[in-house]
Each structure stands twice: as C-alpha cells, then as structure tokens.
Amino acid sequence: MSRTPNNTKGQDLVVLSTDEIRGEDFGAGTGNGGPLPLTSGAGGTVSGNSGNVIIGPGAVVSGTVGEVLINGLKTRTNRVQHDLGTGLVVGDFALSAGWGNTATLDSVVGNDSRFLLQITSGGTGQAQNPTLTLTYADGAWPNAPFPLMNDNGTVDGAGGYLAVTFEITTRTTTQAVWTLRSAAATGSTNPYTPVAGDIFKMICHVLG
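Okay, so the sequence shown: first residue is 4 according to this note's numbering, each after it adds one.
Please note that a few of the clues may not be correct.
Said to hold, decoys possible - Label pairs and their in silico Cβ distance ranges:
#, residue 1, residue 2, range
1, Ser-99, Gly-156, 34 to 44 Å
2, Gly-128, Arg-82, 39 to 49 Å
3, Leu-119, Thr-196, 21 to 31 Å
4, Ala-188, Gly-162, 15 to 25 Å
5, Asp-154, Val-93, 15 to 25 Å
6, Leu-119, Arg-82, 16 to 26 Å
7, Glu-170, Val-83, 37 to 47 Å
8, Ala-161, Thr-78, 43 to 53 Å
9, Val-83, Gly-126, 15 to 25 Å
10, Leu-119, Thr-80, 41 to 51 Å
11, Thr-78, Leu-119, 32 to 42 Å
12, Arg-79, Thr-196, 14 to 24 Å
13, Asp-159, Leu-210, 30 to 40 Å
14, Ser-99, Asp-159, 30 to 40 Å
Hints were generated in silico from the structure; no laboratory data involved. Even for Gly, the Cβ is constructed at its ideal location relative to N, Cα and C.
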C-alpha cells in the first residue's frame, strides 16, 4: 500500500499485494513500531474490519473486532509467543473436595493460552477422580478452546513418580474442567484417589 497518514486507532487497514504494516498504522503514532513485512502474493489482500488486520491471499475475508485473521493454506512462522494475556493467579482455579480438605494449589505461571501449576493433596477427605476448574482470566473466548493438559512430573510424598493423567471433561468459552485419572488403571473411570502429600504438576497449552 502507499504510505498514508496514520490510521485512527480502530480504523481498517487495506493492503494489496506485497507491502508492510507499521506500528503507526494502528494509531500508535509516527515512528512507533517497526515495519511488519507482509508477503501475500499476487492478487493477495490484507484488509481490516473495525481495527482488525486480515490477511487473505486472493480474497478479502472478514473477521470480528479485535482479531488478526490469516486466510491461507499454510502459515509459517518462527515462533508464536503467547505473552500478552493477563497472568493467571491461584484465584482463577478451583479444586473439588476430592483433593483433600487442606489441598493447596500454587506455582501458577502463565496466562489463558499456556500455564504451569501444581496441586498438593492434603488433609483428609480425598476421593476418586477429583477435578480442577479454570475460569479464563481474560474472559470468554470466541469459541470454546481446546486445552491440552499434560503431567509435568507428578510425584508422591516420597518423591516417586505417579502415573496420572488429566482428562478435559468440560470446555466452554469461559471455563475448562479437568478430571484426575490414573494413567495405569483400566475401567470405565480409570480411578485415581490422591494421597496426602502427592504433588500433581501440570503443564497446559490452550488452543483457540
């Protein structure tokens, strides 16, 4: 596109063929933000809708407010860094009673898109297959995302590794619920009951 005065924040951007978008195009002010090179190919179109940036090879596509939408057969990038969301805190999570009446949740690091945490079973009242609920810190996703939770070195009180898994049993636009199960047991529920002192360590990526 030919360089024009800065777009007012929230306005559309329309870029044809190969060009670049700069930080000032988003209303950030002249000189703020370096160029972002775009190579959309012959006939490609980059357009916006109420402040979005939409990249579409050969066709204009539309999105909802606040999205960056890439419409193509393949998108290549070096790294995707999910670090702009609100940091998660312990209060964003809820434990069911089955972890024990003095169970704790801590070591929370990350945001709605990826995070680490650990749960320590404590006290009494442990029960089979307790649950962990996350309420997303940045509100509702446009569609219910896909949380991918993995064990990250769960151990018992003596430091021995435990064979457990975390099944996503509920996913909505605002919450995710995981159920603790045994990775070794068989049966309809793969039962696992925490023992006081067990430390459950999880790592999770959430794909929208």
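**Q.** Structure versus earlier hints, numbers of those that do not hold, lowest first
**A.** 1, 7, 9, 10, 11, 12, 14
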